[in-house]
Each structure stands twice: as structure tokens, then as C-alpha cells.
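Participant: From first to last, the protein sequence lines are chains X and Y. Under this note's numbering, the residues of the first sequence are numbered 1 to 312, in order. Under this note's numbering, the residues of the second sequence are numbered 1 to 312, in order.
Quick caveat, the hints were computed from the structure, so don't treat them as lab data. Be a bit skeptical, because a hint or two may be false.
One copy or two, either will do: identical chains are not told apart, so a pair holds if it fits within one copy or between any two.
What the hints assert, rightly or not - 27 Å max Cα-Cα, derived DSSO-like pairs, lysine-lysine:
#: 1; residue 1: Lys147; residue 2: Lys283
#: 2; residue 1: Lys124; residue 2: Lys305
#: 3; residue 1: Lys147; residue 2: Lys305
2 protein chains.
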Amino acid sequence: MSRIVTVAGAQMGPIQRSDSRSAVVARMIALMAEAHRHGADLVVFPELTLTTFFPRWFMTDQAEIDQFFESAMPSAETAPLFEAAACFGLAISFGYAERVEEAGRTRRFNTQILVGPDGRILHKYRKIHLPGHAEHEPWRAFQHLEKRYFEVGDLGWPVVRALGGLVGQMICNDRRWPESYRVMGLQGVEMILLGYNTPRHNPPAPDHDALGDFHNALVMQAGAYQNGTFVVGVAKAGIEEGCELIGGSVIVAPTGEVIARASTLGDELILARCDLDWTRSYKETVFNFARHREPEQYRMIVERKGAVPPDA
Amino acid sequence: MSRIVTVAGAQMGPIQRSDSRSAVVARMIALMAEAHRHGADLVVFPELTLTTFFPRWFMTDQAEIDQFFESAMPSAETAPLFEAAACFGLAISFGYAERVEEAGRTRRFNTQILVGPDGRILHKYRKIHLPGHAEHEPWRAFQHLEKRYFEVGDLGWPVVRALGGLVGQMICNDRRWPESYRVMGLQGVEMILLGYNTPRHNPPAPDHDALGDFHNALVMQAGAYQNGTFVVGVAKAGIEEGCELIGGSVIVAPTGEVIARASTLGDELILARCDLDWTRSYKETVFNFARHREPEQYRMIVERKGAVPPDA
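Bound-form chain X, shown alone:
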């Protein structure tokens, strides 16, 4: 049985605050139509696809903040995505700000879902590695308040059977942390879908700015190779509300090689025909975990959060 999944990474150009959900959904559907014409089985969109990257602003009015959140999925505004997926016979993965009533209170997460061609939600992930800060830091050119607006995800990194293989998701900053990939690798993941919004400028570390694209590719390539999995990383890119977001969307093979890469900072489709059986050569040899891992030696990874240097 063939296990080839033709994947489209649907990089999106900037989404301004004034852009309506409907306008964004229309752009997404245009990309889905193009993906369909190219024989895609799956289209992957960025983190927080439906709105501008609002954690760049400090806001205190919860009603204002909640305008960026979805309290139903699908909603009237997002239902056309599900309908287009059905029409085109496509699976889609996209991110959004999720507001939900759970455990007797309102909770907010940075979420990404994988929706099947039948409209069923096949996989849901809530971002665990929230970057940035929780309090207003006026010295920054712009804020990065994910720790303020979202809770840490509470679903772990599940891997599910979908698209003929084993699929997981992560979001943006998760990709810089090898633990994110490894937890899915330990579930046999064959394809990781992830979206990101990554400012070119990192206010606390401007010396990193020139390396943004390099770091972006480096971590996904390493994560793919070290776990024998495809990684599909899709950017929201370009100048959004005066803030430059890097592009560099990629599809990475289990070899660690980039097999498709965006070359613009706008709406752009990248495509790769991914044979999930290419994962086997890595999972069964150099990264045969059962043969080669030494979990007893890794305990510090879970027993310690911050770095603790040895005594002087």
C-alpha cells in the first residue's frame, strides 16, 4: 500500500488587524484550491492563521483580546474552510486562538488542528512552549505576550493515525526545543505539522536577528533527522502591522534535508511528495530508540527546569 502523502505548505503573507476573518478564509481557500490542482492531500497553514499576530500588543480589555479568539470551531466564519476541505478532498492543518469553557472556567490556548477531508477534527494540539513574557515591557519595539494571553497547552504532544501514517503537531517556539520532537518520536511520529509567526527582530537579543532563517531551518532539520520524521513548517511572513515576520517555510525529509522551501514573504504554496516509508531507514537503524536510547541517563531533563551550574 502506498504511503505517499502530497503535502502543501501554505505560507501566508501578513494579516493586518483590519483584515476580516472572511478575507483571511478566502485567501486560505484560494491556497487550498491551488493545492488541490497540484494533487495535494494535505495543506498546512501557519500558527494563528485567522488573525494578525496579536500578542505583539499589550491589551487589558478582555473583550478586545477576545476578538482574536475563536469560541467555536467551526464557526460561521470558519465553516467555509471545512466545506472547501470536503469539496477538494483535502486535509488541512491550521492554527487559531482557542477560547473554551472547561473545568468551570474560561481558558485560552494557542491551538492547531488537523481537519480531515470529511470535516472531522483528527488531531488537536495546544501550544506548550509559550515564548515571550506576561507583563508589559514598554522598552520593546513590540511585545510578545504569549505568556499573558495563553495558558500552557494541556494535551501533551499526541500522535494519531491519520493520512495513512502517524501524525503530530507542534507550534512555533516548540520547534526550537528537541523535547517536542522527541516526545512525538517516542510515539513513532512520521510527519509533524507546525505553523509559526516569528518576528525577524528579537528585542531582548537583537544579535540573533540576522540568523533567524538559519535557526528556523536548523531546528526543524535536526528534529526531523533525529526522530526520522517529516517536518512541515509553515510561516506567516512579511510586514505585519509594521513588524517583520520571517518566512522560510519548509518541508523537511527524515534525512534532515529540506525538500521544499518558500522563497517569498507572501502567500506561497510549497509542495512535496512525501513517502512516509522514508522514515523507516532512520527509525530502524541509527535512531532505533529501543536499541540505542539510554533513558536512565536522561533524568535531569525532567527533574530540572532551569540550568543549575555545578558548585564553584
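We have chain X already, so just place chain Y on it with the hints.
Facilitator: For chain Y alone, coordinates are given in the frame of chain X:
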């Protein structure tokens, strides 16, 4: 106070089975002298520097096997290394096969030590991720019997104060595993020293052969960036007993950038002036572990050795 360490990576060309310890030590001292002339503070040599990479052969006669091991360090044959280190005012790191009487029995490890200019052993590491296999597999063009000849290292990945900073070591296959770097990152490591012997040809996965140099650099660059540390990776390279070993020795900055790289497959010195304070920008921002790690979510990393896919 300056925290600049001038590092020399001393890649070594092949060492044949017939090469005596003294001949190897003489080559090492020649590289140390050259490093000293270039103002180095530290010289890093490959894994199992003192002998050919003997796990390529299946042997059953323990006396034959033990010819490749050191039962004292220094010994009469290796003492000149310690003397040269003192004479040149250099620290040196090198690997060797260690045979030791411990816990009432003879134990054998794949070991790497860091020796100070005063001849003191500042750091000792015993390889944890032993690659290859334990039984004779005659179908291979050559064997990779590290799992037969060595025990898994029992010292963890310690980080010590040395060279004005925080230093750790790993060996060869350890560099492919993000856990190795992370355990040291969680101790604040600023420079990781590692040697390797990596055959160009991987008998169980010949499709990886063309990517050997790429994978070698990829894992060290990712490990450096993701932990905000220098990584010094040094090869034994070239055609050794008919088996090609990759070169590609590198010094990697905490940015993940390669700042020095060997371009031959022979004895070759690479040099970089490493300011240990360059680690801070990464350790204090994007990889500020205390702020951003989520250890509760990583438990599978220690609770599971092999991959377990979800139920069908």
C-alpha cells in the same frame, strides 16, 4: 575578566593497526606544538585517539582485544602527552579505550579525558550512546562492535569548571542525541568537547552514506544553538584499515554557526578564539530554561526507551 579560550581541534588522519602508541603520541605532540604556536589554550583530539578504530573487527581473544585498551592513564607510552601539555601550557582532551578494575571486576569503557596544563585530569567521561551491535554480523563489510567491547558509561554527563568556564564532554554517537547536549545544558555547559570515528559507510543504511558530513554538522550545530554552548567536534578521518572515516571536524559557536572547519582527511589543526560570554545571549533569552522549559511535558523521554505507536 576575559573568558576567551583559544581552541584547537586536532583532527587526526588514519591510524593503522600496525601504528605503535608511540608513533601516535608523536603525531599528537606535533599537533600540540603547532597549536601552541598559534596561541591555543586547549587541544581536542578524536575518540579513541591512541589506536585504530578496533570495533570494526570481531575478536574473541580477550588478550587481543585488550591490546587496544589502556589500563593506566598516564602510562609509560602516554606520559609524553602529559609532559607536552605541561611544557606548552595546554589543556588537552582525548579519547581512549579504558580498562579498569572496579567493583571487583574488569570493566571496559570508551572514555575521553580533559587534562589540564598541570597534568591533572579535570574531567572524565565514559561514552553512553554506544552504537552498533554486540554480535558478529558477517554480512557487514566491517563490524561496529562497540556494544560488545564497551559497557555503557556510568558517569553521566558531568559538567565541570575548567578553562574559565563550564566544560563537558561527549563522544561520537552521543552527538546525534539531543539528550546528551541537554543534560549538560541543564548544568550550564559553555563548551562541549567531543571526538568521533564515523565510518562513511553505514552497512545497515547505505542510503545515509552520502549525507554523513551533513548529519555530522547538523547535530552539532543544533546541539550548540539549543543549549547556547560551544561544541568542538574532532574526527579521526581518512582511510583506516580500508574503512573510510569522515572528517569534517568543526568548532561551533553558541549561535549554531560553524566558526572553524577542517577541509582535509588528515592530521589538521582548526582554530577558533571562543569567548565563553557569547553563550549568555542564548542562555538568557530564547533558551532561558527556567523561563521556558516545561519538564512536566517531557516525562515520556525518561519513561519510555523505544518508540510505541498509538493503538491502531
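Participant: Each hint: holds or not?
Facilitator: Against the structure, the hints:
{"no.": "1", "hint": "Lys147 <-> Lys283", "verdict": "between (35 Å within a copy, 19 Å between copies)"}
{"no.": "2", "hint": "Lys124 <-> Lys305", "verdict": "both (26 Å within a copy, 25 Å between copies)"}
{"no.": "3", "hint": "Lys147 <-> Lys305", "verdict": "within (17 Å within a copy, 32 Å between copies)"}
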